[in-house]
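Listed below are the residues making up each chain.
Protein chains: 2
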Amino acid sequence: MLDSLKSLLPGKVSTTPADLEAHGKDESYPLQRPPLAVVYAENLTDVQATLAWARENRVPVIPFGAGTSLEGQLIPQGPALSLDLSRMNRILQIAPEDFLAVVEPGVTRKALNEALKGTGLFFPVDPGADASLGGMAATNASGTTTVRYGGMRPNVLALQVVLASGEVLELGRAVRKTSAGYDLKDLFIGSEGTLGIITRLTLRLHPLPEHVHTLRVFFKNLEAAAQAAYSVMASGLPVARLELVDARGIAAINRYLERSYPERPALFVEFHSSSREALQAESRLALELMQGAGTLSVDAAQTQEERTAQWEARHQAYWALVNLYPGKAYLSTDTAVPISKMPALVAYASRLLGEMNLQGSILGHVGDGNFHTLVVFEPGEAKAEAFSERLVEHTLALGGTCTGEHGVGLRKKKFLPKEHGPALSWMRQIKGLFDPEGLLNPGKIFD
Amino acid sequence: MLDSLKSLLPGKVSTTPADLEAHGKDESYPLQRPPLAVVYAENLTDVQATLAWARENRVPVIPFGAGTSLEGQLIPQGPALSLDLSRMNRILQIAPEDFLAVVEPGVTRKALNEALKGTGLFFPVDPGADASLGGMAATNASGTTTVRYGGMRPNVLALQVVLASGEVLELGRAVRKTSAGYDLKDLFIGSEGTLGIITRLTLRLHPLPEHVHTLRVFFKNLEAAAQAAYSVMASGLPVARLELVDARGIAAINRYLERSYPERPALFVEFHSSSREALQAESRLALELMQGAGTLSVDAAQTQEERTAQWEARHQAYWALVNLYPGKAYLSTDTAVPISKMPALVAYASRLLGEMNLQGSILGHVGDGNFHTLVVFEPGEAKAEAFSERLVEHTLALGGTCTGEHGVGLRKKKFLPKEHGPALSWMRQIKGLFDPEGLLNPGKIFD
Numbered sequence: 051m052l053d054s055l056k057s058l059l060p061g062k063v064s065t066t067p068a069d070l071e072a073h074g075k076d077e078s079y080p081l082q083r084p085p086l087a088v089v090y091a092e093n094l095t096d097v098q099a100t101l102a103w104a105r106e107n108r109v110p111v112i113p114f115g116a117g118t119s120l121e122g123q124l125i126p127q128g129p130a131l132s133l134d135l136s137r138m139n140r141i142l143q144i145a146p147e148d149f150l151a152v153v154e155p156g157v158t159r160k161a162l163n164e165a166l167k168g169t170g171l172f173f174p175v176d177p178g179a180d181a182s183l184g185g186m187a188a189t190n191a192s193g194t195t196t197v198r199y200g201g202m203r204p205n206v207l208a209l210q211v212v213l214a215s216g217e218v219l220e221l222g223r224a225v226r227k228t229s230a231g232y233d234l235k236d237l238f239i240g241s242e243g244t245l246g247i248i249t250r251l252t253l254r255l256h257p258l259p260e261h262v263h264t265l266r267v268f269f270k271n272l273e274a275a276a277q278a279a280y281s282v283m284a285s286g287l288p289v290a291r292l293e294l295v296d297a298r299g300i301a302a303i304n305r306y307l308e309r310s311y312p313e314r315p316a317l318f319v320e321f322h323s324s325s326r327e328a329l330q331a332e333s334r335l336a337l338e339l340m341q342g343a344g345t346l347s348v349d350a351a352q353t354q355e356e357r358t359a360q361w362e363a364r365h366q367a368y369w370a371l372v373n374l375y376p377g378k379a380y381l382s383t384d385t386a387v388p389i390s391k392m393p394a395l396v397a398y399a400s401r402l403l404g405e406m407n408l409q410g411s412i413l414g415h416v417g418d419g420n421f422h423t424l425v426v427f428e429p430g431e432a433k434a435e436a437f438s439e440r441l442v443e444h445t446l447a448l449g450g451t452c453t454g455e456h457g458v459g460l461r462k463k464k465f466l467p468k469e470h471g472p473a474l475s476w477m478r479q480i481k482g483l484f485d486p487e488g489l490l491n492p493g494k495i496f497d
Numbered sequence: 051m052l053d054s055l056k057s058l059l060p061g062k063v064s065t066t067p068a069d070l071e072a073h074g075k076d077e078s079y080p081l082q083r084p085p086l087a088v089v090y091a092e093n094l095t096d097v098q099a100t101l102a103w104a105r106e107n108r109v110p111v112i113p114f115g116a117g118t119s120l121e122g123q124l125i126p127q128g129p130a131l132s133l134d135l136s137r138m139n140r141i142l143q144i145a146p147e148d149f150l151a152v153v154e155p156g157v158t159r160k161a162l163n164e165a166l167k168g169t170g171l172f173f174p175v176d177p178g179a180d181a182s183l184g185g186m187a188a189t190n191a192s193g194t195t196t197v198r199y200g201g202m203r204p205n206v207l208a209l210q211v212v213l214a215s216g217e218v219l220e221l222g223r224a225v226r227k228t229s230a231g232y233d234l235k236d237l238f239i240g241s242e243g244t245l246g247i248i249t250r251l252t253l254r255l256h257p258l259p260e261h262v263h264t265l266r267v268f269f270k271n272l273e274a275a276a277q278a279a280y281s282v283m284a285s286g287l288p289v290a291r292l293e294l295v296d297a298r299g300i301a302a303i304n305r306y307l308e309r310s311y312p313e314r315p316a317l318f319v320e321f322h323s324s325s326r327e328a329l330q331a332e333s334r335l336a337l338e339l340m341q342g343a344g345t346l347s348v349d350a351a352q353t354q355e356e357r358t359a360q361w362e363a364r365h366q367a368y369w370a371l372v373n374l375y376p377g378k379a380y381l382s383t384d385t386a387v388p389i390s391k392m393p394a395l396v397a398y399a400s401r402l403l404g405e406m407n408l409q410g411s412i413l414g415h416v417g418d419g420n421f422h423t424l425v426v427f428e429p430g431e432a433k434a435e436a437f438s439e440r441l442v443e444h445t446l447a448l449g450g451t452c453t454g455e456h457g458v459g460l461r462k463k464k465f466l467p468k469e470h471g472p473a474l475s476w477m478r479q480i481k482g483l484f485d486p487e488g489l490l491n492p493g494k495i496f497d
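Going down the list, the protein sequences come from chains A and B. Sequential numbering from 51 applies to the first sequence in this note's numbering. Sequential numbering from 51 applies to the second sequence in this note's numbering.
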C-alpha cells in the first residue's frame with residue numbers, strides 16, 4: 051500500500067524506524083505509537099497528494115510541525131500517516147509597513163523572530179518550545195507574553211487550509227478588522243488538525259518594546275506569590291509577562307542551569323514600554339503591590355543578557371523539573387480560571403499534592419489565571435491522573451477551563467463534556483461537516 | 051396565526067403600526083418592511099417559546115437589539131417575527147476583581163458603562179451608536195477604541211445562545227485563555243442572528259486609563275492627514291483612538307453641533323496611559339510624526355468636558371452629514387485594508403467621488419485601516435452603489451475586506467463570493483447545520 055504513496059511523492063516518504071519513532075510521540079504524552087509512514091510535504095501540492103492518497107486508502111492523516119505538543123495531539127490512534135510540514139519552512143513575506151508576515155506552517159517562532167531582526171518588529175506568542183507556527187495555530191498556543199499580546203487567535207489574521215477533500219480555503223484577511231461573515235479562521239485555530247491542514251499563515255507583528263524592565267521577586271510562601279500576582283493584575287498595570295515558579299521549580303532551575311536563585315516561590319515579571327519613565331513608574335507600583343503581599347527579595351535584570359537568562363530559566367523550568375526525577379513519569383495540568391480565583395486554585399493544587407502524597411511543582415502564566423502543576427509519579431501509577439481530575443473538577447466549578455493553552459489532544463477529551471455541555475455535540479457536528487470520513491487526526495479532541 | 055403567539059406570550063406580542071414600523075428598518079438601509087409582529091422577550095423562556103412557535107408555523111425570527119445596525123440586518127425578507135430583546139436588559143453580574151461583567155443582550159453599551167461607574171473599569175467597544183451588547187456581538191461591532199482594545203471578539207469571553215431548535219448552548223468561558231476545543235463563541239460573534247439568538251454575554255472589562263490626552267490635528271489636505279495617520283501607526287505608538295474626518299465632515303459637524311473647528315481634514319487622536327510622563331512622551335512623538343506629514347494646526351482638549359465634546363463631534367459626524375442633505379439618500383462604505391494601503395485607498399475614494407460626480411465625505415477608524423465613505427445621492431439613483439462596488443473591488447485587490455465593522459446584512463452579500471472564495475460555501479454549510487430550516491434571520495450574510 052505504501053508503495054503507491056512513495057511513487058506519488060518520490061523522496062518525500064519515510065518509513066525508517068527513527069522517523070517513525072520521532073513521529074509517534076510528543077513531548078509529554080506517556081503513550082507512543084509510530085505512524086505507518088512519514089510524508090515530508092514541501093508544498094501545497096504535496097499536502098493535497100497526501101490527502102488524495104489517504105482518502106483512497108482510507109488512512110488517516112496527522113499533521114506534524116515541530117513535535118512539541120503535550121497532550122498527545124500527534125500520536126496515531128490506529129494506522130495513520132504523519133504529514134510532516136517542517137520542510138514547508140519558507141517565510142513568504144515580511145511587510146513591516148503593515149506589521150505582517152506570511153509564512154509556511156513549518157517556520158518556527160524562533161526562526162521567524164530571527165528573520166525579523168532589524169525590522170524593529172517581533173512575533174510575540176511564546177510557548178517556550180521552539181514550536182512551528184502551524185502547530186501553534188493548530189493548538190491555539192499561548193505563553194509568557196499572552197497577558198500583554200494575546201495568544202494565537204488575535205495574532206493570526208489569515209490562514210490557508212486544505213480540507214480532507216483536498217479543497218483549499220483562504221480564511222480571514224490580512225486586515226486588523228473584518229466583519230465579513232462567519233469567523234472560520236478562529237474555528238480552525240485550536241482545531242488540532244482535526245478540520246484541515248494549515249498550509250500558510252498571515253501573522254500580526256508587534257513593535258519591539260523600546261524599554262523593557264524585568265524583575266524576579268521572591269516570596270515567603272506560594273500563597274503570597276499568587277496573591278501578589280493577583281494584586282498586580284487587579285491594579286490594571288500593563289504587565290508584559292507575569293510568571294509564577296514555586297520553590298521546587300526554582301531549585302530545579304538552580305540545579306539544571308547552575309543558577310543560584312533563592313529557593314523560594316518567585317514571580318518573574320516584565321514590563322514593556324515606549325517610555326523609560328512609564329516603565330519605571332509601572333515597575334515601582336508593581337513592586338509596592340507585591341511588597342504588600344509579602345516579598346522576601348527583589349532582583350532586577352540589568353542587561354539584555356540577564357533578561358534572556360531569566361526567561362531561559364523560566365522556559366527551562368519544565369525540563370529542569372523532569373530532569374530532577376530520572377525514570378519517573380510526569381503529567382502537567384493546564385487549568386485556567388478567572389484571575390481572582392487563581393490564588394485559591396494555586397493553594398488548592400498545592401494542598402492536593404500534599405494530601406495525595408504526590409511530588410510536584412506549580413508554575414505558569416498566573417497573569418492570565420493559567421498555571422501548570424507538574425506532577426511526578428511512578429510510571430503506571432494512577433494517582434497523577436486522579437490529581438488532574440480533581441484539579442480540573444475544582445477548576446470547572448470555579449468557572450475555569452481544563453486547558454488554557456496546551457489543547458485537548460488525547461488527555462483532556464474526558465473533561466470536555468462537563469466543560470462544554472451540549473456545545474460539545476455541535477463541535478462534533480462541525481467536525482463531521484468538514485471531515486465526514488474522519489480522515490484528519492481522528493480520536494483527538496473527541497472520539 | 052398570530053393569536054396563538056399572543057396567547058403563548060401574553061402581553062409580549064405587539065402588532066401596533068408603530069412597533070411594526072420601528073422593527074422593519076435600521077439606521078441606514080434604504081428599504082423597509084415591517085415584520086408580522088414584534089415579540090418582546092423578557093427571558094430565556096420567552097425566546098424559546100418564540101422559536102417553538104416559529105418552528106411550528108414556519109415563520110422566520112429576526113433578533114432585534116437597539117435597531118442601530120446599518121446594513122439591513124434587521125429587515126425582514128418575507129413574513130417574519132422581530133424578536134426584540136431590549137427588555138432583557140439586566141446586568142447580571144459585575145465582577146471588578148475579574149474584570150468581567152455578565153449581561154443580558156438588551157443592555158446597551160452606555161447603560162453598562164454607567165453601571166460600571168465607581169469600579170474604575172469600562173467596556174471599551176464603542177461603535178458610536180448606543181447599540182445593545184447583544185447586537186454588537188451579533189455584528190462583531192467595533193469602533194473608535196478598537197485600535198487599542200480590540201472589537202467584540204476579544205472583549206466577549208462567553209455567550210449563551212439559543213439555537214433555532216430551542217437548544218441552549220454555553221460558548222466560551224469566563225477566562226482569559228482557553229484551548230478546549232473548537233471556538234464556537236467567535237463563530238457566533240458576527241453571525242448576525244443567522245446561527246442563534248444571543249441571550250447572555252460575559253464581557254471583558256478594562257481599567258479606565260488614569261491619564262488621557264486628546265488632540266485634534268488639522269492638515270492641508272486629505273492625503274496629508276491619511277499619511278500622518280499611517281506614520282503614527284507605523285511608529286508603533288500605543289494610540290487609543292485615531293480617527294480621520296475630512297473637511298466636509300468637519301464643516302457638517304460645525305453646522306450640526308455649532309462648533310468652530312477649522313474646516314480642514316483632521317485627525318482626532320487619543321492616548322491612554324497609567325503614567326503622565328509616558329502620555330506626554332507619546333503625544334509629543336505622535337505630533338512630530340504628524341507635523342512631518344504637513345499639519346496646519348493642533349488643538350489639545352484640556353478637560354474631560356472638552357474630550358467628551360470632541361468625541362461627541364466625531365460620533366455625530368455621520369448624522370451631521372446626513373443632516374446637511376435633507377431629502378437625499380446616503381450610503382456608507384466600510385472598507386478596511388492593511389494599514390500601509392490606507393492612505394492610497396483614501397486618495398482613491400476621494401478621487402472616485404470626484405470622477406463619479408458624487409458628493410460624499412470620508413471619515414473613520416484609519417488607525418485600523420478602516421474608513422467610511424458616506425456617499426450622498428438622489429433616492430433611486432444607482433451611482434452610489436456603483437461607487438461602493440468600485441471601492442470594494444479596489445479594496446479587495448489590496449487585500450482588504452468589504453466590511454471592517456458594519457457587517458454584511460443585505461448590502462454586502464454580493465461582495466462575499468469574491469472576498470471569501472470557496473470558504474463562503476462552508477459558511478453556508480455551517481448555517482445549514484445550525485439552522486436547517488432557515489428560521490433565523492434568513493437572507494442575511496447569504497441568500
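Just so you know, these hints were derived from the structure itself, not from any lab. Quick caveat: nothing in here was measured; it's all calculated off a predicted structure. Accuracy of the hints is not assured; some may be wrong.
[What the hints assert, rightly or not] The calculated lysine to aspartate or glutamate pairs, modelled on EDC-like cross-linking and capped at a C-alpha distance of 20 Å, are:
1) A:K468 - B:E273
2) B:K463 - A:E220
3) B:K464 - A:E362
4) B:K468 - A:D96
5) A:K463 - B:D69
6) B:K468 - A:E220
[Unchecked claim] Sample of chain A residues facing chain B (criterion: CB under 10 Å; computed from the structure):
7) K62
8) T66
9) V218
10) L219
11) S229
12) S241
13) D384
14) D418
15) E455
16) K462
Ideal placement from N, C-alpha and C gives every residue a C-beta, glycine not left out.
Right, here's what the structure says about each hint:
1. A:K468 - B:E273: 55 Å, violated
2. B:K463 - A:E220: Answer holds: B:K463 to A:E220 is near 18 Å, not above 20 Å.
3. B:K464 - A:E362: 51 Å, violated
4. B:K468 - A:D96: 27 Å, violated
5. A:K463 - B:D69: Distance of about 48 Å is beyond 20 Å: violated.
6. B:K468 - A:E220: Holds. B:K468 to A:E220 sits at ~11 Å (cutoff 20 Å).
7. K62: Hint violated; A:K62 Cβ to chain B Cβ min 26 Å, cut 10 Å.
8. T66: 33 Å, violated
9. V218: It holds, given that the least Cβ distance between A:V218 and chain B is near 7 Å, below 10 Å.
10. L219: Holds, about 5 Å.
11. S229: Constraint on A:S229 satisfied, holds at 4 Å.
12. S241: The hint holds - A:S241 has a Cβ within 10 Å of chain B, the shortest such distance being about 6 Å.
13. D384: 8 Å, holds
14. D418: 4 Å, holds
15. E455: Result: holds, 5 Å to nearest chain B Cβ.
16. K462: 7 Å, holds
Going down the numbered hints, you'll see the structure goes against 1, 3, 4, 5, 7 and 8, while the others check out.
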